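Number of protein chains: 2
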Amino acid sequence: MKYDIVIIGGNPSGGSAAAAAREIYKDKKVLVIRKEEKSLIPCGIPYVFGTLEDVDNDVKSIQPAKNSGIDFLIDEVQKIVPDEKRLELKTSEDVNYEKLIVATGSTPVVPPIEGSTLKGVISIGKEIDYIKSIHAFLKEGKDVVVIGAGFIGVEMSNEMVKLGAKVTLIEAMDTILPLAFDEDVIAAPAQVLSSHGVEIRVNTKVSKIEGNDGKVSGVRLDSGELITADRVIMATGYRPNVSLAQEAGLSIGSSGGIITDEYLRTNYDGIFAVGDCVEHRDFFTRKQSRLMLASTGASEARIAGMNLYDLRVVRQTKGSIAIFSTSLDDISMGAAGLTEKSALAEGFQVVIGQNKGVDHHPACLPDTKEQMVKLIFSKCAGVILGAQIVGGPSTGEMINILGLAIQKHMTVSELAIMQYGTQPLLTAGPGNYPIVLAAMNALGKIENFKM
Amino acid sequence: MKYDIVIIGGNPSGGSAAAAAREIYKDKKVLVIRKEEKSLIPCGIPYVFGTLEDVDNDVKSIQPAKNSGIDFLIDEVQKIVPDEKRLELKTSEDVNYEKLIVATGSTPVVPPIEGSTLKGVISIGKEIDYIKSIHAFLKEGKDVVVIGAGFIGVEMSNEMVKLGAKVTLIEAMDTILPLAFDEDVIAAPAQVLSSHGVEIRVNTKVSKIEGNDGKVSGVRLDSGELITADRVIMATGYRPNVSLAQEAGLSIGSSGGIITDEYLRTNYDGIFAVGDCVEHRDFFTRKQSRLMLASTGASEARIAGMNLYDLRVVRQTKGSIAIFSTSLDDISMGAAGLTEKSALAEGFQVVIGQNKGVDHHPACLPDTKEQMVKLIFSKCAGVILGAQIVGGPSTGEMINILGLAIQKHMTVSELAIMQYGTQPLLTAGPGNYPIVLAAMNALGKIENFKM
Chain A
1 MKYDIVIIGG NPSGGSAAAA AREIYKDKKV LVIRKEEKSL IPCGIPYVFG TLEDVDNDVK
61 SIQPAKNSGI DFLIDEVQKI VPDEKRLELK TSEDVNYEKL IVATGSTPVV PPIEGSTLKG
121 VISIGKEIDY IKSIHAFLKE GKDVVVIGAG FIGVEMSNEM VKLGAKVTLI EAMDTILPLA
181 FDEDVIAAPA QVLSSHGVEI RVNTKVSKIE GNDGKVSGVR LDSGELITAD RVIMATGYRP
241 NVSLAQEAGL SIGSSGGIIT DEYLRTNYDG IFAVGDCVEH RDFFTRKQSR LMLASTGASE
301 ARIAGMNLYD LRVVRQTKGS IAIFSTSLDD ISMGAAGLTE KSALAEGFQV VIGQNKGVDH
361 HPACLPDTKE QMVKLIFSKC AGVILGAQIV GGPSTGEMIN ILGLAIQKHM TVSELAIMQY
421 GTQPLLTAGP GNYPIVLAAM NALGKIENFK M
Chain B
1 MKYDIVIIGG NPSGGSAAAA AREIYKDKKV LVIRKEEKSL IPCGIPYVFG TLEDVDNDVK
61 SIQPAKNSGI DFLIDEVQKI VPDEKRLELK TSEDVNYEKL IVATGSTPVV PPIEGSTLKG
121 VISIGKEIDY IKSIHAFLKE GKDVVVIGAG FIGVEMSNEM VKLGAKVTLI EAMDTILPLA
181 FDEDVIAAPA QVLSSHGVEI RVNTKVSKIE GNDGKVSGVR LDSGELITAD RVIMATGYRP
241 NVSLAQEAGL SIGSSGGIIT DEYLRTNYDG IFAVGDCVEH RDFFTRKQSR LMLASTGASE
301 ARIAGMNLYD LRVVRQTKGS IAIFSTSLDD ISMGAAGLTE KSALAEGFQV VIGQNKGVDH
361 HPACLPDTKE QMVKLIFSKC AGVILGAQIV GGPSTGEMIN ILGLAIQKHM TVSELAIMQY
421 GTQPLLTAGP GNYPIVLAAM NALGKIENFK M
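So the sequence lines, in the order shown, correspond to chains A and B.
So that you can map any letter, position 94 of the first sequence is 94 in this note's numbering, and since no number is skipped, the others follow by simple counting.
So that you can map any letter, position 254 of the second sequence is 254 in this note's numbering, and since no number is skipped, the others follow by simple counting.
No lab work stands behind these hints: they were computed from the structure.
Treat the hints with care, as some may be off.
[Claimed, not checked] Derived lysine-lysine pairs resembling BS3-like cross-links, with alpha carbons at most 30 Å apart:
#1 A:K341 / B:K408
#2 B:K28 / B:K38
#3 A:K408 / B:K318
#4 A:K379 / B:K29
#5 A:K162 / B:K369
#6 B:K356 / A:K28
#7 B:K356 / A:K369
#8 A:K356 / B:K126
#9 A:K26 / B:K356
#10 A:K26 / B:K341
#11 B:K445 / A:K29
#12 A:K318 / B:K287
#13 B:K379 / A:K318
#14 B:K132 / B:K85
#15 A:K126 / A:K142
#16 A:K287 / B:K408
#17 B:K341 / A:K408
#18 B:K408 / A:K379
#19 B:K132 / A:K445
#20 A:K318 / B:K408
Just so it is clear, the structure is predicted and the values come from calculations on it, not from any experiment.
Input sequences plus hints: build the corresponding full structure.
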């Protein structure tokens, strides 16, 4: 079997690379090889336990991609043979490629603590069969401990309390979502999560997981305290799936991901890599990053898909900007770029701009939510380094405004004179648009510091 | 009385100019002179008749501005004496200024058609006393004709049907919201407005308004047809309030607004003008524009407020981008920059990118809405000229992403590789982010055109 362009992996990154290749190289044959006939939307997985009810409700249909002219092969790649541009598969005949995109994704990391293999200790994998296998079992949990307050841990906690479980969320660092938010911003959402019934324990380390008859019975903390549990969710991160790439001789970076250049090319001619299996570089610090975010993966995958046969200098990644958002139903949060604490830790001098307002105007309109914007600027360059928002459901798109501002290296002056639209039912008021007022707040500090 | 900085007018533009001046020039005394103790949020006015119920619910509190150190004088300026930097007021003593910002706003235009002075023919002014005077009378209307399907006309129509009135919306051009949207985009929202009970009559001209005993009884169309009515709302635009400026010798442009430069300076030293009373210039066409939008006014007002004593070259307006959004409750629409038809009419060659998807992922999540994005790019430069969105409540912030992209002259390639965040409850999926897919769609056309 011979294809022009072959993608290993059908996750959002693999799928986006295929779609971009299909859009740009209309005369090429494109094949996606993936293990599952049906695959889950990864960011929707926490919701299959509560809001979505059923696992099958989170399946991403393969049909639109097929309709666009992308072929699919449900099989597992066993070996990449770069010198022959050939793939060996588990059951099908070999596939030859001109261009290969590796999008093998990531797998949950379970830290090697005592008791982590007890029945009832569960990590949130991404395969549909695995999620189906834990679905009923997890939903029946009455006494749930979630270890790790990243996005998966927070979303799982909020879904599990909806099911009526007692939930304790344990985080070693000093806030929930510690990598995305500063403490002053995340305090209000943490209170909301508490008010939903989640007991949040920050600055808390687990020493071991305890059990009876091979079943989990509780989580023992460093302090000696025991938290009883019939289910323990390990929301402790993911590691890149690189064994296939490594065996083929692709270079692996210190973070454990495949090394690529700005066009997502690996060290082998004609082989690209995208998504969670790749070592990213941070947009500002230029450091290796294990950022695993479907949206970032999809963006970079499109760059790969558009540079397969001829490089387009205007389409290369300048580094990954972490842009996150999530919702606890009645409050939503978004973050982009560096936090204040990470910027300071990296050696940036910063100026902070903040604004508190509401997301409709006037505030007595139905469904009005408080809206808080924090912007982090470089003191010397005046360039935006990061942004955090807490507000209503528009937070998800609003953080994308600031993600774009970061991507364009916008300055505090540019954001202060930014043009925007407002509407009573959809946004803050024209005189109170919070991104602009937060920029004005920072500008006032800078101007009066100079005078 | 002597102030460093005086603003005439307390609308969003005047207020934003004052706030910017207060933020940047912390040692200056700032005074706002306005006619009303209480003033309405202008964009909220259509909602006082329905959703907001009471006029007082749309009042913008003066207190935050007072708390920030801005003084207020409730009075009417009778004369500007530029040579003496002095204002004459209706009741108070004269006020001397160093810097003056004119923000005198706009007044509804009532076209000179027969019957426009009949009782029951109402325009949507902005003074609180006026709106209170028509509030009960308008709400009692059973048979309402709205003339003009711009934003005010559309929002008023949607509010009036909620009150149980029979509503007919008449528009001379070929769609509702004809200046902001192309017909292919606005067709679905127009259907929703119809489904709410508004009878939409496009390509329809009014010949006169008919009455009995001085009261309106119906609207006669060019075709001869009579539409009966007990209330007629004239949503036929606004004209700049420039008599004060004109008497003082400020230059007035061909569009009827005060002429300013990129720093919002008028032809008199120390006098700036902002908001609806100003003649804008379009961002792309550079033509004089009568754009009247509170958000645009507020943005430009901040530029004036930051350039009063010393020019900041990084903070000047490069022309006004019209960025609109509105909502019909169950569907929302946003538009920024040029439409396809206006771009073509102005002589731009264009490439269109489009995408249809949903605003949550997976689509079976509660409150998921269809989401459609249309992007208009310049064919030769690849630069974005305009954008239109139809979707859910996130449309209001999403159009601001595209407004920023326009402001930064972003190209189709830059938008195709844009980084963004996604979240099941808040946005489209990572592989389906509609702005990026619409850019990809345009890029595919451009690339395959070149090949």
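Tested hints:
1. A:K341 / B:K408: holds (29 Å)
2. B:K28 / B:K38: holds (25 Å)
3. A:K408 / B:K318: Between A:K408 and B:K318 the Cα gap is close to 17 Å, so the pair holds against 30 Å.
4. A:K379 / B:K29: holds (28 Å)
5. A:K162 / B:K369: The given pair, whose Cα atoms are some 24 Å apart, holds under the 30 Å limit.
6. B:K356 / A:K28: holds (25 Å)
7. B:K356 / A:K369: It holds: about 28 Å lies between the C-alpha atoms, which stays within 30 Å.
8. A:K356 / B:K126: Given that 30 Å is the threshold and the Cα spacing comes to 27 Å, the pair holds.
9. A:K26 / B:K356: Given pair A:K26, B:K356 holds - Cα atoms ~21 Å apart, limit 30 Å.
10. A:K26 / B:K341: Holds, at roughly 29 Å.
11. B:K445 / A:K29: Satisfied, since the Cα-Cα distance of roughly 18 Å is no more than 30 Å.
12. A:K318 / B:K287: Judged against 30 Å, a Cα distance of about 36 Å means the pair is violated.
13. B:K379 / A:K318: Holds, because 25 Å separates the two Cα atoms, which is no more than 30 Å.
14. B:K132 / B:K85: At roughly 36 Å apart (the allowed maximum being 30 Å), B:K85 and B:K132 break the hint.
15. A:K126 / A:K142: Distance of about 23 Å is within 30 Å: holds.
16. A:K287 / B:K408: It holds: about 27 Å lies between the C-alpha atoms, which stays within 30 Å.
17. B:K341 / A:K408: Answer holds: B:K341 to A:K408 is near 29 Å, not above 30 Å.
18. B:K408 / A:K379: holds (22 Å)
19. B:K132 / A:K445: violated (41 Å)
20. A:K318 / B:K408: Status holds; Cα separation ~17 Å.
When each numbered hint is compared with the structure, violations occur for hints 12, 14, 19.
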